[in-house]
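Protein chains: 2
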Amino acid sequence: MNIEDKILAGDKIACARLISMLENNEKEAEEILKKLYEKTGNAYVIGVTGSPGAGKSTLTDKMAKKLREKGFKIGILAIDPTSPFTGGAILGDRIRMTDLILDEGVFIRSMGTRGNLGGLSKATSSAIKVLDIFGCDYIFIETVGVGQSEIDIVKMADTVVMVLTPNMGDDIQAIKAGTMEIADVFAINKSDLDGADKTKFEIEMNLDLNENTDFRPKVIKVSALKNKDIDILLDAVLEHKDYQMRTGNFEKRRIDNVKQEVLDLVKENLINLIMKKAVENDLLNKLAKEVYARKKDPYTAKEELINLLLN
Amino acid sequence: MNIEDKILAGDKIACARLISMLENNEKEAEEILKKLYEKTGNAYVIGVTGSPGAGKSTLTDKMAKKLREKGFKIGILAIDPTSPFTGGAILGDRIRMTDLILDEGVFIRSMGTRGNLGGLSKATSSAIKVLDIFGCDYIFIETVGVGQSEIDIVKMADTVVMVLTPNMGDDIQAIKAGTMEIADVFAINKSDLDGADKTKFEIEMNLDLNENTDFRPKVIKVSALKNKDIDILLDAVLEHKDYQMRTGNFEKRRIDNVKQEVLDLVKENLINLIMKKAVENDLLNKLAKEVYARKKDPYTAKEELINLLLN
Chain A
1 MNIEDKILAG
11 DKIACARLIS
21 MLENNEKEAE
31 EILKKLYEKT
41 GNAYVIGVTG
51 SPGAGKSTLT
61 DKMAKKLREK
71 GFKIGILAID
81 PTSPFTGGAI
91 LGDRIRMTDL
101 ILDEGVFIRS
111 MGTRGNLGGL
121 SKATSSAIKV
131 LDIFGCDYIF
141 IETVGVGQSE
151 IDIVKMADTV
161 VMVLTPNMGD
171 DIQAIKAGTM
181 EIADVFAINK
191 SDLDGADKTK
201 FEIEMNLDLN
211 ENTDFRPKVI
221 KVSALKNKDI
231 DILLDAVLEH
241 KDYQMRTGNF
251 EKRRIDNVKQ
261 EVLDLVKENL
271 INLIMKKAVE
281 NDLLNKLAKE
291 VYARKKDPYT
301 AKEELINLLL
311 N
Chain B
1 MNIEDKILAG
11 DKIACARLIS
21 MLENNEKEAE
31 EILKKLYEKT
41 GNAYVIGVTG
51 SPGAGKSTLT
61 DKMAKKLREK
71 GFKIGILAID
81 PTSPFTGGAI
91 LGDRIRMTDL
101 ILDEGVFIRS
111 MGTRGNLGGL
121 SKATSSAIKV
131 LDIFGCDYIF
141 IETVGVGQSE
151 IDIVKMADTV
161 VMVLTPNMGD
171 DIQAIKAGTM
181 EIADVFAINK
191 SDLDGADKTK
201 FEIEMNLDLN
211 ENTDFRPKVI
221 KVSALKNKDI
231 DILLDAVLEH
241 KDYQMRTGNF
251 EKRRIDNVKQ
261 EVLDLVKENL
271 INLIMKKAVE
281 NDLLNKLAKE
291 VYARKKDPYT
301 AKEELINLLL
311 N
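Residue numbers (this note's numbering), protein chains in the order written: chain A, 1 to 311; chain B, 1 to 311.
Hints may contain errors.
What the hints assert, rightly or not - DSBU-like cross-link-like pairs, simulated, lysine-lysine; straight-line CA separation at most 30 Å:
#1 122/B x 259/A
#2 296/A x 27/B
#3 259/B x 34/B
Stated by the list, open to error - Examples of chain A residues toward chain B, derived with CB under 7 Å:
#4 41
#5 258
#6 259
#7 265
#8 271
As the list claims (entries may be wrong) - Reference listing, derived: stretches of chain A covered by chain B, where coverage requires no fewer than 3 residues with Cβ under 8 Å from a Cβ of chain B:
#9 25–34
#10 244–255
#11 283–295
For the record, the hints were derived by calculation from the structure and aren't laboratory data. Predicted model, so just to flag it, every value in this text is computed and none were measured. Beta carbons are placed, not taken as given, at the ideal position from N, Cα and C, and that holds for glycine.
Sequences and hints are given; from them, build the entire structure.
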């Protein structure tokens, strides 16, 4: 059996292999995805974002478990940005301590950057497709909510859950930074701690100010560790899903994401074409030295490179 | 007098206007920069990075003052990333409380993103050129050291100063994240606080592990608020400058930066060309809808867009 058939037959190992091939930018992998693309479109993508230590992983696990109990097949992609300098993981090597790993209906994968955040965004988008083809009904993407690239990734989700904790300076920071606006549901985790109500109140107050949207995100107090009120959180997620489906927002958001994805692919491809031609002719080196020596300005250098491609 | 001549004559207002025009991506501004590009190449760029609250602004001011005393002309670009969602400033509106603002030999500018971090990187690079043409001997770029885009900006500097404070969890975080590797000089600010020696020791220990480079960054304890040991820090910066000049690393780093800048310009220009053609024909919309409906895969859509441009 080839890798395509194995994935369609529900082979986890084949699934993991294809994702690795896509992470390594293997041409063959893209061909496979191209062939299988028509099998996508069934999975619903839930983004889980929030500060480090907010409990995103545990909360994701608990939500995944609830959905498993209902018979759904689940994918979890944990985005783990690595340093652009060392290649080491920012969050440290996380080994996920979860019994979900033994469940045949759950696929868990940690996605690293290997020094290229743009690459991570593309790899995540590809991995979502693979898990969709694999037959997942729900795919969680879990990211630390800092930085533009991270935000770009979580925007791939159909519903975004923002995880906050009581009395964290970071929460207020997140609210200030405007990352609130990507959240469709707020989860206040560790809600048995003092200050959970205050945090909820602050978020609700902020939501009161936002008159731009028809949909008002729910703010749900939960405790992932104590497995408390996870079903209420999940109901809020599914309510947002229904709303998106009913209003056509689901389709609109997906089409916007496709546009972004296609443009990113175009960008990558064009730069590869340029680099190939420029390296063949040693042109980029030559141009950069001329610009450094002020014999040429960077804008003229740019035009020369573009002409090289277009002619 | 036209704007070019005014800038060459040292007119601050003309200088600010050209930077605004570049931020707004006005075509005319790029033409002016193209014409004046040969006048660049005299300024030395110092990057100042570190966590929020580490005291980067105060430290930059104090270093700028010392250099002013020696008769140098100074530019300061404070990079202030704004939220991609609200357009509001992440760090809040910072009004710089400094007497430098009254000094004719100092140009201070806050650079915001207006929702596009890629744009910020380009705008900063353009603003550096303007200040170079304006006659600045030293240009400081001040950024919060988080996120890939921020790091890309600070890498435009010829010397990078990383500002840390004693006993901050963030410092250790920064070290773990590998952002240490962009630093050419470490400044431990607020060094009268307990733990300054411990932080210095931890950094030195980390530097011991790094055998890859010939140049070992100095670790300097300072107090920006108390104006203490700023000259020692500045000496360390100038020592790194000398080293870079002597070894040819200065030229090498600048040429690498030119390559990156030209490639970014190429990318931007090509995407603009594609977008223009795709919008004219309503092609991007059409393709995205087809991809959403699984009538076409994103890779084929990408190829159609590229063919549109290349033919």
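* To do: Would you pick out the hints that fail for this structure and give their numbers low to high?
  => none
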